[in-house]
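Count the sequence shown with the UniProt record's numbering and you get residues 1 to 124, in order.
Hints in this document: simulated from the structure, not taken from any laboratory.
A portion of the hints provided could be inaccurate.
Straight line, CA to CA, 27 angstroms or less: simulated DSSO-like cross-link-like pairs of lysine-lysine [what the hints assert, rightly or not]: (1) 106 <-> 26; (2) 106 <-> 67; (3) 26 <-> 67; (4) 106 <-> 21; (5) 21 <-> 67.
Have a look at the derived ranges for each label pair, beta carbon to beta carbon [as the list claims (entries may be wrong)]: (6) 26 <-> 114: 20 to 30 angstroms; (7) 94 <-> 73: 21 to 31 angstroms; (8) 17 <-> 49: 19 to 29 angstroms; (9) 46 <-> 14: 42 to 52 angstroms; (10) 117 <-> 33: 36 to 46 angstroms.
Every residue, glycine too, gets a C-beta built ideally from N, C-alpha and C.
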Amino acid sequence: MNDLTFTQDFHISAREQTAHKAALAKAEGDLLIIAAHRRLGFNTNTDEDGFPHYVWEMADVARDLAKMSVRQLVPASWQPFFESLCHMARNIDEAAWTFFFGGAVKDEEELMHEERECQRYGEY
1 MNDLTFTQDF HISAREQTAH KAALAKAEGD LLIIAAHRRL GFNTNTDEDG
51 FPHYVWEMAD VARDLAKMSV RQLVPASWQP FFESLCHMAR NIDEAAWTFF
101 FGGAVKDEEE LMHEERECQR YGEY
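Given the sequences, and given the hints that come with them, work out the whole structure.
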């Protein structure tokens, strides 16, 4: 490894970490907005299937956080913040969060398995 490679790798890693921090901050902002809207009675009407509209916004946050969790993009030093976001989401709607986060974790694990298989055996 030469100095140029080390510097490039360092900057790529630093950019990725910054992106992961930004993703956590975005998730926090999204959850705060969902909670505030719910307290004020906004976005609580139900869709044709009987689900409150805000749960679909929670599903987006769950998908983002599940991806970070499954792909181990949350360093140990950020884990308490990550856990606080999950706790915040459970306080908004525990059933919705449990359903969407659990499903998103499973989906991400399956996607990672497919990616490993593609790397191992080549493209399908």
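Could you work out which earlier hints the structure fails to respect and list their numbers in ascending sequence? 8
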